[in-house]
Structures are given as C-alpha cells and as structure tokens.
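Visitor: As a plain string of letters, each chain reads:
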Amino acid sequence: MILEEIVIGSVTSVCKHRGDFMSNIGSYNDRVKNFDWSISEKELGYKDGDNINIGWYCSDRICEMGKADKTALIWEGLGGKEKQYTFNDVRLASNTIGAFLKFLGIADGDRVCLFMDKIPELYFSFLGGLKIGAIVQPLFSAFGEESLFVRLENAQTKAIITQRKHVGKVRRILEKSNFLKDIIIVDDQGKKPLREREIAFSLETANPVENLDIFPSKAESPSVLHYTSGTTGQPKGVQHVHYSLISQYLTTKWVLDLQENDVYWCTADPGWVTGTSYGIIGPWSLGITQCVLDTGFSARSWYEFINKHKVTVWYSAPTAIRSLMKAGDDLVKEYDLSTLRHLASVGEPLNSEAVIWSEKVFGHAFLDTYWQTETGSMMLTNFPDMKIKPGSMGKPFPGITATVVDNKTFEPIKEPGKIGLIAFKPGWPSMMRTYWNNEETYKSKFKNGWYLPGDRSSIDKDGYFWFVGRDDDVINTGGHLVSPFEVESALLEHEMVAESAVVAKPDEVNMEVVKAFVTLTPGIEANPDIELKIMNFIRKKLSPLAMPQEIEFVQNLPKTRSGKIMRRLLHAKEWGEEIGDTSTLEDDD
Amino acid sequence: MEEMKDIILEYVIEEYLEDEDEELTYDTPLISGGIVDSFSMVSLKRFLENKYKISIPDDKATPEAFDNVNKIVALVNEFTA
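Order-wise, the sequence lines are chains G and C. In terms of my numbering, the first sequence is residues 524 to 1112. In terms of my numbering, the second sequence is residues 89 to 169.
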C-alpha cells in the first residue's frame, strides 16, 4: 500500500475531536507566509539585548503573570505516591537549589550534572542551575559508570546532583575524576555515612529561598549541555544557549498546542533533550500544568495515569506507542481516556500503523515530530489542523528552511520522492552553538551553507518529508542514539573479547537494537554464559540501551584491505540488504 | 520452587539493584518499578534460559510476565514442567 494514499486526520475530523478549541497555530500556510521569530520574542516580552534566563522564564515570570498558585507539576512515583507543586513552589524550590549551588561555590559557566530519576528535584535543579548561570548537564540515570565518567570528564563538570541509589556509580569513578568537586545527594536519609566530597541536601528541610539574584543571562549565554553519540569518537556535548527558549516556547505552543487548561504529559526523561526542551522549558515557559510518571513502563500504569490525571496533551515516543499497541486494544477500553485531545511523537520515525492505530483507539492520531539534540527544538512536524500523511514527518516549522540535498554536491534536490540528506538552513534560535571542546566536529556538520543532521529523507510533491534512515552507523534504539564505536571500545575491555563489530539490528518495538559480532580471545570457547557475561558487562559499563541484545560469536570479522572492520557488510546482512560487490567495500573510504 | 525463587531474587539483587538500601521481595515490581528496564529484561531472560535450560518465546517474555520474582518463577515453570 502506498503510504501517501492513507490520509486521515483531515481538517474536518480534527476539528470534530477538538470541540470548541481553536488550535494555537491556526493556518499553517498563513503562519509560514508571515513568520518571524519576533512573534515568540514579543509573547515572551523579550527584546534584543535583554536578559533572558530560562530558569526565570519558567518560574518567576509565570508567577508574576498571576499564576503563582496554578499547579505546575503533578508527580507520581512507585505505588501511586503523588506530589503536586504550584508555580510558586517551583520558583522557591529552584531558588533554593540555586542558592545552595552558589553556597558551594558554583559560579556562572560551571557545569553541574543532573543525574537523577524523574524525581521533582531533577526538574527544580534544572531551573535552579540555570538561574545562577551554571551550565546544566542532564544525564540519563541508567548510564553506567563509564558512560558517566566520559561525559563528566569531557565537560569538566564541577558538581553532580544525584540520588542515594545512583551514588555508587559516582563513587566508583571518583578516584579517576579530575574535576568533580561536589556530589550532592538529594534524598539521603542519614542511614549511612557520607564519603569524601558528598553532601546531603533536602528540599524538605532546607529553608526556602524567597529571593535569588537571577544571573543576567544574555541570548548567547550557555544554558544546557546534552550529550549525544556519533559514529566515531567519544560522545559529544551539544552546547545550547538561553536564547533557545524562543524556539522551544513557540514550537511547544504551535505544535503541541498547549492551552491554558491543558494537563500535559511528556513521557521523555530529562536526561535526554526531549525531556528538557519539551518536558521542562516548553510547557513551563507557557505556564502549563504538566505531569510526570516516575516508574518503569507498563501499558496499564500509563493508561491509569492518563485516566487519573485527566491528561489532555500527550507527547511520547514510537517505541512506547508500539509497546502500547502490543498490549492490545482491549486494555485501552478499561480506562476513560476521553480527556486526551492532542497526541504527538518524537525520537524515531513513527510508522503509519502506529498512527492509524492511535486514531482508532484514542480517537486522535499521534503526530510525528522530527528534530534532534543539536537542533534543540522541533524542525519538521505534523501540525494540529493540518492534513497528515501517516508515516510522514510532516513539514518544516514556520521559519525553518528545510530541504534534502545530494550527498555529494550538497545541492538541494528538486525532484519529489528522490532521497537525499536532510538539510536545514542555520539560524533558528535553538540551534546548538558548538560541540563542547570540539569545534572541528561542529564545523563538519555544515556543508554548502546547510546544517546536516545526518538523516536521509525524501520530500513528496506536497512538501511532506519521509524518513528513510541514518546516513551513518549510529544506532537509534527506542529513540536514543548509541554509538557503535563506544560499544566496540567497551567490548574490547572485556578480557574474553578479541575483536568486535557493532551494528543495528531491526526490532519490532525499538526500531533498532544493538547487535555485536565478537571474536573471542584464543582458547575461549563461545557459550551462552559468556554471552550473558558480556551483555551484563556492557549494560553496567555503558547503559542498558547500549547492551547488545544479541551477540554473535564469529571466527573472523570482515575487514578492508587495510584491516578496518567492515561494519556495513554486517549491517547489510542484518537488514537483508543486497551486499553487492564486496571488493569496493574492502577499500577504505 | 523456593530454591528457584531465591536464585532469581539473588540474581536480580546482584545484577540490577542499584539502591543498596532497597529491600527486594518476591513481589517487588521489577519492570513497572523501574528496577529492570525493558532493554535489561533481555539479559534477565537470557539468564533464565541459560540457568534452567529452557527457551522462552518472545511473545511470553512480556513486561507483565517479568514484573516480579513470583511471576518469573511461574513463567519459568511453564517451560520446565
């Protein structure tokens, strides 16, 4: 079936579900014609040269607008434990954490790592760090010690805010850590003694700080440092600035369509960019109530959560949506999900089946959005009230010049349906400003005046973008990028591994998972226990995402004439692709 | 049965439990409790298959079936009986 022929969610049907709501964006075409980023600046009361501090915009400003008592955060943890915070609570909590960081000697420009589960302190620390001008470095709390160490060392991070349950990982890297000065534990119960450089801090016992001097950040002041993986080399720190707010505010308003009485749920973890751009900055700069579920995934608990908190707008990921599909339609019927009015998705391509299924069971289709850590905000999206084509990433956000370019000439491809590299004209507010201490790699992302995010796509005759795949070997598993190089390097540290090659393997739920081809050191015989040992070794060292879901033991790995492992050959085998003339692959390129 | 329960519980504590202060029982939610994530579930499944010389089909290895030690024991018993 040709995907373009399946057209659902037309203007008529979307309006029917929305009742009296008018979408924030209105007419997409009109917005494109009349667009200027000053629309966002004006709404935020910002003028060129003003101070622009994201921490202040997401809490103090909302209070000043008369919403101090409005609920900002509904948090739910394991066993239904629930906490609620108003915008004034968020303001005070972030002030208090900011003041504590200052007390410890953290100054503007210092890197402060946030290494926590999705607990309220994570959200408040993010704003608190920004308020004092620190650069916040959120890291996924499931990262293993090596992943943590590499990122802290690269950023020369001064302080880490974490939980008791994760402090063991920090302790194990402390001896070799050259820069980490303070380890702040937000939930220490005093049961065990603290060690060197550790300090307990509790929002429950700290005196709330009513007035904090907000650091006078300017548009280009550094704000957030997210780490992302590439094909080669170590992870890269993507440096954003406070001016990113301009993009994040408006994309949240127009794409996620958040309105005054919405209850919004972004399922992403703030260890990744979606969890900060659209799980903190976007909704709170708009003064919207959002909720957070800090438990593991289960379809039942997710539906219960939507039901209980009357979620209206839901931003999630294809992997989660496909997992919900697997749980079946009957489960959906056990819950009242009628409050949902708008759904969107991000992280990896949303397959047309998932779009159609969501329209069927929720009465609303998940609208795909495309962007990445480096872009800081949505670039290609499906919009409310716009005809969607299931399986398509939609169209460029107003103000974004997007195309596909030839992979050799980097000239735009005019022919509809022809595959090329996705390319954006630089200049939108939330574009990364550099890779931390890696300007050379940053510059390599630009060709012929275009920023290339590293994905391939085509554009149809109506201007819709259709994702094809990555242009490199990076593995997108469950919406998270994993570097094959990083996994291969870690594998080589295992005493039984002689050589390894890591590729993506197709997966029904996660789109791709990590697969490793391994040769063992002489004298070691492959067996299932060795496979498990190696899997667990990578899981603890890097992360569960990076753990090979399958290890194939081989006698030899295919190599080029100069001895470089031919990952592409193994990738083609996994994906059932034509390998073609291998003699060309044997040449280094 | 009790022995299997304890072996699995001990393995989960050893391999997946980060919080030294957390007490794990046979009923503690593992997947929905965030102790074992969906990616790590693959390694837990592999452990069970290796240990008990069984093969658990993917469609049986659901987050619900792995959500606590008691459920895991019931699942393993389906294939060892």
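Careful, some of the hints might be misleading.
No farther apart than 25 Å at their CA atoms in a straight line, the calculated lysine-lysine pairs in the PhoX-like style are these [unchecked claim]:
#: 1; chain 1: G; residue 1: Lys948; chain 2: G; residue 2: Lys931
#: 2; chain 1: G; residue 1: Lys1056; chain 2: C; residue 2: Lys93
#: 3; chain 1: C; residue 1: Lys141; chain 2: G; residue 2: Lys948
#: 4; chain 1: G; residue 1: Lys606; chain 2: G; residue 2: Lys688
#: 5; chain 1: G; residue 1: Lys604; chain 2: C; residue 2: Lys139
#: 6; chain 1: C; residue 1: Lys141; chain 2: G; residue 2: Lys1087
#: 7; chain 1: G; residue 1: Lys688; chain 2: G; residue 2: Lys699
#: 8; chain 1: C; residue 1: Lys159; chain 2: C; residue 2: Lys139
#: 9; chain 1: G; residue 1: Lys984; chain 2: G; residue 2: Lys931
#: 10; chain 1: G; residue 1: Lys856; chain 2: C; residue 2: Lys141
#: 11; chain 1: G; residue 1: Lys1056; chain 2: C; residue 2: Lys139
#: 12; chain 1: C; residue 1: Lys141; chain 2: G; residue 2: Lys1056
#: 13; chain 1: C; residue 1: Lys139; chain 2: G; residue 2: Lys849
#: 14; chain 1: C; residue 1: Lys133; chain 2: G; residue 2: Lys1056
#: 15; chain 1: G; residue 1: Lys1056; chain 2: G; residue 2: Lys688
#: 16; chain 1: G; residue 1: Lys970; chain 2: G; residue 2: Lys948
#: 17; chain 1: G; residue 1: Lys883; chain 2: G; residue 2: Lys849
#: 18; chain 1: C; residue 1: Lys133; chain 2: G; residue 2: Lys849
#: 19; chain 1: G; residue 1: Lys570; chain 2: G; residue 2: Lys604
#: 20; chain 1: G; residue 1: Lys883; chain 2: C; residue 2: Lys139
#: 21; chain 1: G; residue 1: Lys849; chain 2: C; residue 2: Lys93
#: 22; chain 1: G; residue 1: Lys831; chain 2: G; residue 2: Lys590
#: 23; chain 1: G; residue 1: Lys606; chain 2: G; residue 2: Lys741
#: 24; chain 1: C; residue 1: Lys133; chain 2: G; residue 2: Lys604
#: 25; chain 1: G; residue 1: Lys984; chain 2: G; residue 2: Lys948
#: 26; chain 1: G; residue 1: Lys931; chain 2: G; residue 2: Lys910
#: 27; chain 1: G; residue 1: Lys604; chain 2: G; residue 2: Lys565
Keep in mind that the hints were calculated from the coordinates and are not lab data.
Visitor: For every hint, state whether the structure bears it out.
Guide: Verification of the supplied hints:
1. G:Lys948 <-> G:Lys931: Measuring from Cα to Cα gives roughly 18 Å; hence the hint holds.
2. G:Lys1056 <-> C:Lys93: 21 Å, holds
3. C:Lys141 <-> G:Lys948: This hinted pair is violated, its Cα atoms lying about 56 Å apart.
4. G:Lys606 <-> G:Lys688: Holds. Lys606 (chain G) to Lys688 (chain G) sits at ~20 Å (cutoff 25 Å).
5. G:Lys604 <-> C:Lys139: 36 Å, violated
6. C:Lys141 <-> G:Lys1087: 38 Å, violated
7. G:Lys688 <-> G:Lys699: Between Lys688 (chain G) and Lys699 (chain G) the Cα gap is close to 21 Å, so the pair holds against 25 Å.
8. C:Lys159 <-> C:Lys139: Judged against 25 Å, a Cα distance of about 17 Å means the pair holds.
9. G:Lys984 <-> G:Lys931: Measuring from Cα to Cα gives roughly 23 Å; hence the hint holds.
10. G:Lys856 <-> C:Lys141: 39 Å, violated
11. G:Lys1056 <-> C:Lys139: Roughly 13 Å separates the two Cα atoms, so the pair holds.
12. C:Lys141 <-> G:Lys1056: 17 Å, holds
13. C:Lys139 <-> G:Lys849: 28 Å, violated
14. C:Lys133 <-> G:Lys1056: Holds, at roughly 13 Å.
15. G:Lys1056 <-> G:Lys688: Holds - the C-alpha atoms of Lys688 (chain G) and Lys1056 (chain G) are around 23 Å apart, at most 25 Å.
16. G:Lys970 <-> G:Lys948: 10 Å, holds
17. G:Lys883 <-> G:Lys849: 14 Å, holds
18. C:Lys133 <-> G:Lys849: Measuring from Cα to Cα gives roughly 19 Å; hence the hint holds.
19. G:Lys570 <-> G:Lys604: Violated, because 42 Å separates the two Cα atoms, which is more than 25 Å.
20. G:Lys883 <-> C:Lys139: Distance of about 42 Å is beyond 25 Å: violated.
21. G:Lys849 <-> C:Lys93: Violated, at roughly 28 Å.
22. G:Lys831 <-> G:Lys590: 23 Å, holds
23. G:Lys606 <-> G:Lys741: 34 Å, violated
24. C:Lys133 <-> G:Lys604: Violated. Lys133 (chain C) to Lys604 (chain G) sits at ~30 Å, over the 25 Å cutoff.
25. G:Lys984 <-> G:Lys948: 21 Å, holds
26. G:Lys931 <-> G:Lys910: 33 Å, violated
27. G:Lys604 <-> G:Lys565: 40 Å, violated
When the structure is compared with the earlier hints, violations turn up for hints 3, 5, 6, 10, 13, 19, 20, 21, 23, 24, 26, 27 and for no others.
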